[in-house]
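Numbering (our numbering) for the sequence shown: 76 to 244.
Think of the hints as simulated: they come from the structure by calculation, not from any bench.
Glycine residues also receive a C-beta, built at the ideal position from the N, C-alpha and C atoms.
Treat the hints with caution; some may be incorrect.
What the hints assert, rightly or not - Derived pair list, reagent style DSS-like, types lysine-lysine, alpha-carbon separation capped at 30 Å: (1) K196 to K170; (2) K219 to K170; (3) K208 to K196; (4) K169 to K219; (5) K170 to K208; (6) K211 to K117; (7) K160 to K78; (8) K219 to K78; (9) K117 to K160; (10) K208 to K219; (11) K219 to K196; (12) K160 to K219; (13) K196 to K169; (14) K160 to K170; (15) K170 to K78; (16) K78 to K117; (17) K117 to K196; (18) K160 to K196; (19) K170 to K211; (20) K78 to K196; (21) K208 to K160; (22) K211 to K160; (23) K196 to K211; (24) K169 to K211.
Claimed, not checked - Pair ranges (Cβ atoms, derived): (25) N163 to F79: 44 to 50 Å; (26) N214 to N163: 17 to 23 Å; (27) S136 to E101: 27 to 33 Å; (28) E217 to L84: 26 to 32 Å; (29) V86 to I167: 45 to 51 Å; (30) E101 to P154: 38 to 44 Å; (31) K196 to F79: 24 to 30 Å; (32) V193 to K117: 36 to 42 Å; (33) E121 to L168: 37 to 43 Å; (34) V193 to G123: 28 to 34 Å.
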Amino acid sequence: MSKFWPEGLSVSDIRSPYEILEAAREEWETASNGVLTLVLQKSESEDGIETITVHAKHIPSNRTVTLFPVIHLLGSPYPITIQPKVNNLPNILKKSYYQMGTNDYDEILSEERVGGTVTNKWVSDTPSEFTEKLTKAFNLSEVKAAVLNLTSSKGTKSTSVDDDKVAQE
């Protein structure tokens with residue numbers, strides 16, 4: 076095997092992010108026996124960014140909740156990033172959280188800024204990498220809680236998506 080072929084790249088897997096999300100939608104419908112589906116809402120910004128906002132829809136109640144957006148350059152499906160919602164739960168309800176230490180606090184108050192590399196673990200360069208990270212995004216506590224609240228008869232507020240508008244996109 077050549078050492079020159081890019082790792083993780085398969086020319087047989089050329090699915091677009093939207094095709095991968097459509098496959099996820101079909102799986103949600105099948106796994107939930109038609110109770111839940113994903114609604115995919117496309118939008119474009121003036122600066123050439125395409126966003127596909129992923130919503131979960133509880134079909135019996137027609138209620139929806141936004142799960143997360145995925146973002147890429149218009150006309151270039153990769154790289155693509157998933158933007159999970161920020162977890163606004165109090166620490167007592169989180170399975171794990173970051174506790175700021177005294178050194179961290181000193182660094183925040185410091186006037187000197189030291190540069191460094193920032194890594195975004197949600198960016199994907201290939202369809203297989205996007206599929207893997209999308210699976211992780213659907214398994215985030217925030218997503219699970221949103222879906223459970225959506226399907227609960229006493230669920231919390233949910234946002235509505237104009238299905239006619241989404242269907243046109």
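Hints, verified against the model:
no. : hint                     : verdict
1   : K196 to K170             : 20 Å, holds
2   : K219 to K170             : 13 Å, holds
3   : K208 to K196             : 9 Å, holds
4   : K169 to K219             : 13 Å, holds
5   : K170 to K208             : 20 Å, holds
6   : K211 to K117             : 21 Å, holds
7   : K160 to K78              : 38 Å, violated
8   : K219 to K78              : 40 Å, violated
9   : K117 to K160             : 18 Å, holds
10  : K208 to K219             : 15 Å, holds
11  : K219 to K196             : 20 Å, holds
12  : K160 to K219             : 12 Å, holds
13  : K196 to K169             : 20 Å, holds
14  : K160 to K170             : 16 Å, holds
15  : K170 to K78              : 41 Å, violated
16  : K78 to K117              : 38 Å, violated
17  : K117 to K196             : 23 Å, holds
18  : K160 to K196             : 14 Å, holds
19  : K170 to K211             : 16 Å, holds
20  : K78 to K196              : 25 Å, holds
21  : K208 to K160             : 15 Å, holds
22  : K211 to K160             : 13 Å, holds
23  : K196 to K211             : 11 Å, holds
24  : K169 to K211             : 17 Å, holds
25  : N163 to F79: 44 to 50 Å  : 46 Å, holds
26  : N214 to N163: 17 to 23 Å : 19 Å, holds
27  : S136 to E101: 27 to 33 Å : 21 Å, violated
28  : E217 to L84: 26 to 32 Å  : 31 Å, holds
29  : V86 to I167: 45 to 51 Å  : 49 Å, holds
30  : E101 to P154: 38 to 44 Å : 25 Å, violated
31  : K196 to F79: 24 to 30 Å  : 27 Å, holds
32  : V193 to K117: 36 to 42 Å : 28 Å, violated
33  : E121 to L168: 37 to 43 Å : 39 Å, holds
34  : V193 to G123: 28 to 34 Å : 22 Å, violated
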